[in-house]
Structures are given as C-alpha cells and as structure tokens.
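Listed here are the chains, written in short residue letters.
2 protein chains.
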Amino acid sequence: MRDRHLHRLERAARAAAERGLAAVLVGPSPDLAYLTGYEPMPLERPTLLVVRPDASPRLLVPALEAPAARSAPLGGDLELLAWRDGEDPYAAAARLVAPAGTLAVDDRLWAAHLLGLQRALPAARFVPASGVLGGLRAVKDPEELDRLRRAAAAADATFEAICASGLAGRRELDVAAELAELLVANGHARAAFTIVAAGPNGASPHHEPTERTIRTGDAVVLDFGGALEGYHSDITRTVVVERAPEGFAAVYELVREAQEAAVAAVAPGVPIAEVDRAAREPIERAGFGERFLHRTGHGIGLEVHEPPYAVAGDPTVLAPGMTFSVEPGIYLDGRFGVRIEDIVAVTPDGVERLNRADRALRTVG
Amino acid sequence: MRDRHLHRLERAARAAAERGLAAVLVGPSPDLAYLTGYEPMPLERPTLLVVRPDASPRLLVPALEAPAARSAPLGGDLELLAWRDGEDPYAAAARLVAPAGTLAVDDRLWAAHLLGLQRALPAARFVPASGVLGGLRAVKDPEELDRLRRAAAAADATFEAICASGLAGRRELDVAAELAELLVANGHARAAFTIVAAGPNGASPHHEPTERTIRTGDAVVLDFGGALEGYHSDITRTVVVERAPEGFAAVYELVREAQEAAVAAVAPGVPIAEVDRAAREPIERAGFGERFLHRTGHGIGLEVHEPPYAVAGDPTVLAPGMTFSVEPGIYLDGRFGVRIEDIVAVTPDGVERLNRADRALRTVG
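Just so you know, the sequences run in chain order A and B.
The first sequence begins at 228 in my numbering and counts up one residue at a time.
The second sequence begins at 228 in my numbering and counts up one residue at a time.
Next comes chain A alone, as it looks inside the complex (with noise of 0.2 Å):
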C-alpha cells in the first residue's frame, strides 16, 4: 500500500501543477485516505494535508495526534509538523503555502477551518478539490474495482436473502435492521444505508424507514449499500408483495427500459450527461419527466456518492475504470415509487454491471 499512496501523492501534485495550483489542501476525509491511507476523524482541531507541485507533502497535526499520524501508513515518509492546543494552527498552515496562489481545499473541509485559513490567507484564492482530485479518484485500478465489485456482489446476495426473507406483514424499520444485518453478514464491514419505502412511501426517494407495516399489494423500494474494505455498495430494487399495486407494471416497465438504455450508453469517450440523457429520453416520451426528480448516477467508491455525476452540465468523459451507479426513477406522490439501480465500471470496450441481481419485475411474500 505504502507505494500506491506515493504514487497517488505525485499523481496529485502533478494533477496540482498541470491546474496552476499552489496547493491542494486535504483534512481528513476520503481525499486524505486515497491519498496516505490515513483516516483520523474529522474534528474542530485541523489536520491537514499538504501538497505541492514544488515541494514534498507535508502532515500539519494536532500535537496530540502527532503520535498516531506517525504510525499511519505514510508516517514515514511525510514531514509532520505538529501544532498545540493554545497555538493558531491556521497560521501554521499559512506558513506552509505561497501566499498568493490558487489554494484547493477538499470538499469535506468543515467550513469553519475553510474560513480559517482564508482569514490566514487573505490574499489566496480557494477551489474545491474534487476539480483536481475528483478526477484522479473517478478512475479505479484494478484492486480497487475488485473490491467495488465484491462489494456489489454482497449486495446481491443481500438483496437475495431479503427477498427469501420476505416483507409482508413487517415493518420498514424491522426490514432496514435486517438489510444492515444482511449487508454484514455478506460480507461488508459496516452497512452504510438501508432504505425501506413501502407504498406512498416510495414516492419518496430518500425516505426514512418508519413504523409502517408492509402490506400486501405494496410497491417496496429497497435501496441499501454498505462499506467493504472501505469501497462501497450500492444497489436498488423495487419488489411488490404478493400483487402489484395499480398502474405499476408500466411505470416499472419503463424505469427499467430507461435503465437499460442508460447502461447501454456507457462506453469509453462517451459524455456522462450523455448516460442521463439515456435514461430521462424515455422516461420524458412517456410523459413522466418531471416525475422522475433526480440525476441518473453518482461515482462510487471511497464514497457512497463521489465524482462523476450522470447528470446534464457534468463535464466528465467516460474512461476505463470509472464506477457510478445507474438509476433512474419514477415517483408517483400518494402512491409509489419505482428506482432501479446498478454500479457500472467503464470497460476498455464498453461497460461490465458490477451488481447482477435480476431487474425483473419480483413479487415477493
């Protein structure tokens, strides 16, 4: 691991010098872990990271983390400067940047350190870093993708166990717990969301399990992912119980005809928007574009929802090695929900769907 964070370091202070970044400035966060492997909780006392395109990175820490950031994977071969309760850690940050350059600062920074080191920078100029990190981490190699892609296949086996399971006649909130002890028990070290929507509640794309109880003639949008290895999964499925509610089969008929199309889309050289397109074409002939109320995909990865996005006005060009999820959705208020999503990798030649569970339509008990 020790030289794949090297090698990441000077891909980003290459990444830094090719943008005319003076520096990029990472906390802790999932920039700092891709980065050095290093992963201290983010708190009121900075960390900060930083990287030059002119000089060697180096760890600015509290004083009383200065003995665990030394034993962290790179504890080695960072310069560590620490900094003690009392002192003005902004101002020491200052000392390790030019004044007056363009400064990126990971997206995660809490505002409060942010204003920090503008106060201490007065004459720097701030950027988010996903400009210039978001691009390096869009692209997996191959141990990554191998982890995505275990993670993908233990939310199918998840999704599989819940269905076996069965929903009729249990609550939402029962039916989370035991995704999370399903997402577990298939292989992730933690689960990280467990969405159980039945009925009216699916028209509600983030909705919160609650008390309610699953009944027969239920839509259930189940959207649940989890962390294995620190690389995340993300999978959704509608299932109904026992028989569909009104009108559903055409809008889950065409939810999943959009995501086919989306997936189709995905090839080396194509626009991510152009995957957004894919989905929302149908979705709108048929009259349901405003019903269909989010983007097509988010990247996956260190996190749930990271750099490219498949929306309109997103810049990205897909490349090999590059996961985000495709799922299109339709949501109906009082009524129901239908979202169908998979994880993508772009291939050399085209797409590889990492999640494998079936997306016809499945009545459970």
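Errors might be hidden in some of the hints.
A few chain B residues that face chain A, going by a derived Cβ cut-off under 8 Å, partial list only [as the list claims (entries may be wrong)]:
| id | residue |
| --- | --- |
| 1 | Asp333 |
| 2 | Arg335 |
| 3 | Leu342 |
| 4 | Arg352 |
| 5 | Pro355 |
| 6 | Asp383 |
| 7 | Ala430 |
| 8 | Pro432 |
| 9 | His521 |
| 10 | Gly540 |
Since the hints were derived computationally from the structure, they do not count as laboratory data.
Glycine included, each C-beta is placed from N, C-alpha and C at the ideal position.
Take the given structure of chain A and dock chain B to it, following the hints.
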C-alpha cells in the same frame, strides 16, 4: 419537541440580530438537529436552513429530499424550497439572503458548499456559526442535562464492567470491541469511540487500538463514550494491570490532583480558561508542563467536542447548564500515559460531576 425547536429558532434569530448577522446558514449537522430536529446525511447536494433576524426560517433542500424534510419534526413549520439536480443550489440560496451582509455558516458545512455560497454571494462576509450558535448550544436545558447524566452513568457502568472483565492477556482491539458492546448494553444507542492504549501506547492521547497484548505491569488508558438519545458520554480512566510500572504512581497522583483542582475551579462566572489554568498549574509546577499535550477539556452534548473549550484564549465565562470535560493528562514517550476525565455540569452554585466512577488508582487483572 416542536415547541422546543421553534423556541431555539427564535433564539438563534435573536442572537443573529444582536451580532449584526444577516443570516445563519446551517447544513446537515448537529446545529441543524439542535435547531429543527431534522437530521439528513451531509452530502454533495446542499441542504441549507436559512435563519434570518427579519424573516421566517426557510429550508432549501434537494428535490429528492423534500418529502423526507416535510415529514421531519418542523416539516410543517418551515417554508420548504426544493432545488432539482442540474439547477444551481447556491444561486437559490443567494436569493434567500441579503447580498452584502455578514453570514454565519455552520462550522461543519462542507468547504465545497461554502465555496459555492461565496461564489454566489461575492459581496457577503462569512463567519463561523459557532460564534452565534455555540453559546446557545453550550447551555443545556433540563432535558438535555438529564440525557447527559444518563449517558455518563452508562459510561461509568461500562468502566466497572470492563474492570470486572479484566485486561491481562487481551489485545487492545478486543478490549475496545468489548467496550463498544458494553456502552450499548448499558444504555447507549451506539458507541462513538473506544481508545484502549496499553503501556507505551498510552503516551499517544488519541491512540488507535492495536493488536498489542495487554500485560502485567502495563498502565492502560481507557477513553470511551457513546450517544444516548443524541447526547454523548466521554470518560477516561487509567488503570494498571496487576502492578504499576516504575514511576507511575507519582504521575497518576499528580494528574488526579490536577483534575480535582480543575473541577474545584468550576463555578458560574468563572472564565473557562481558568479551569484550564487550574489543571495546568500543579502539572507545570512538577515539571511536566510540556508533557500535558492538550487542552483541559471540551464542551459536550450533541457533539463529543463542541464549544466551550477549556483552553487559554477561550473567552467563555461559565454559566449554569454548561457541560464539558475535565481531562488533564501526562504523556511520557516510550513509557506510559495518564489521563483522568469526567464530564461536569455547571450548577447555579458550583459544579456537578456527571461521572462518578472512582478516580483512585485501580488495579485490574
């Protein structure tokens, strides 16, 4: 709860007015939970509560989160504005505030969102919201105090249980896993952190548990806490296995004396910086000042660390209802560490210790 949240929103608006703020902008964070009871995940799609002195609070949400926001505790009270994927959420937020005022943003808002707001509001001035919300959140109401008391009692019970389990011959990692289980078994909804640092590892205040086996003659720093109905516990005890290492007893007594002195200094009207001073004084006098690597304590509530901070320079004057940790420590590289931590509450006439676990040196098997 609805009345309590509406009251908090009113107080926040009033506090913003007193500080000359045009608005307070709050993303998914403990600040949002405190003000509204709504607890969405922080994501790349911004959710922003806008609190203004001169207008009703409004909540800007991604369209796909709107149904969930509507069914949140204040869903019927807040004016909801939804933005759709592909639209510019920062431009939408900019329309909700005066273009040139001072805006407070919650400390945990992601940098990517703050940069978006700064781009959309080039004439505004941004400051951290802890300056206005930290003071409100620092003073707990009776129900919050009750939760913190119960969380502390559950942490005390966890300490007694782990001592009864014994430490000798076990790996730090295994003891940490048992602590997490015990925190939940004793009433927490979840464990938040579990530090187990044996022998020389104790010299790292935020040591991550390892495979090191705990042996006779080790001093072991146990620092752990969890969340109970949203409110946190946080306790540290340092115990010895069978017998104390050389030089340990005197250092332990010094830390205990420092902790007693700091707790004794707590009273309404006292600057919190004096609590830090009281802990530091005996340790400096004994020549260990440089080995007391951190501040004396931190506020606690919805977050494990929140304002006020017991550190030189914190301007907070203690008031009844404030709760914070008192946790001096001495760290001797290559040998051991000692830290003793309790949560205390400021009462109308002094101090209440929320943690009651014995602070006399404990020898365990």
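Hint status (Cβ of proline 432 (chain B) to nearest Cβ of chain A, threshold 8 Å): holds, 4 Å
Against chain A, run the beta carbon of histidine 521 (chain B) and see if the smallest gap drops under 8 Å. Because about 5 Å separates histidine 521 (chain B) from the closest Cβ in chain A, which is inside the 8 Å limit, the hint holds.
Would the hint on arginine 352 (chain B) stand, with a C-beta cut-off of 8 Å toward chain A? violated, 10 Å
Given alanine 430 (chain B) as an interface hint, is its Cβ closer than 8 Å to any Cβ of chain A? holds, 7 Å
Proposed interface contact between leucine 342 (chain B) and chain A, which counts if any beta carbon pair is under 8 Å: holds, 6 Å
Minimum beta-carbon distance criterion (8 Å), aspartate 383 (chain B) to chain A: Result: violated, 24 Å to nearest chain A Cβ.
Less than 8 Å between beta-carbons is the criterion; does glycine 540 (chain B) satisfy it with respect to chain A? holds, 6 Å
With chain A as the partner, please determine if aspartate 333 (chain B) meets the hint condition of a C-beta pair closer than 8 Å. Holds, about 7 Å.
Per-residue hint verdict: proline 355 (chain B), partner chain A, C-beta under 8 Å: holds, 4 Å
When the nearest CB of chain A is found for arginine 335 (chain B), is that gap smaller than 8 Å? It holds, given that the least Cβ distance between arginine 335 (chain B) and chain A is near 5 Å, below 8 Å.
Checked against the numbered hints given earlier, this structure breaks hints 4, 6; the rest are met.
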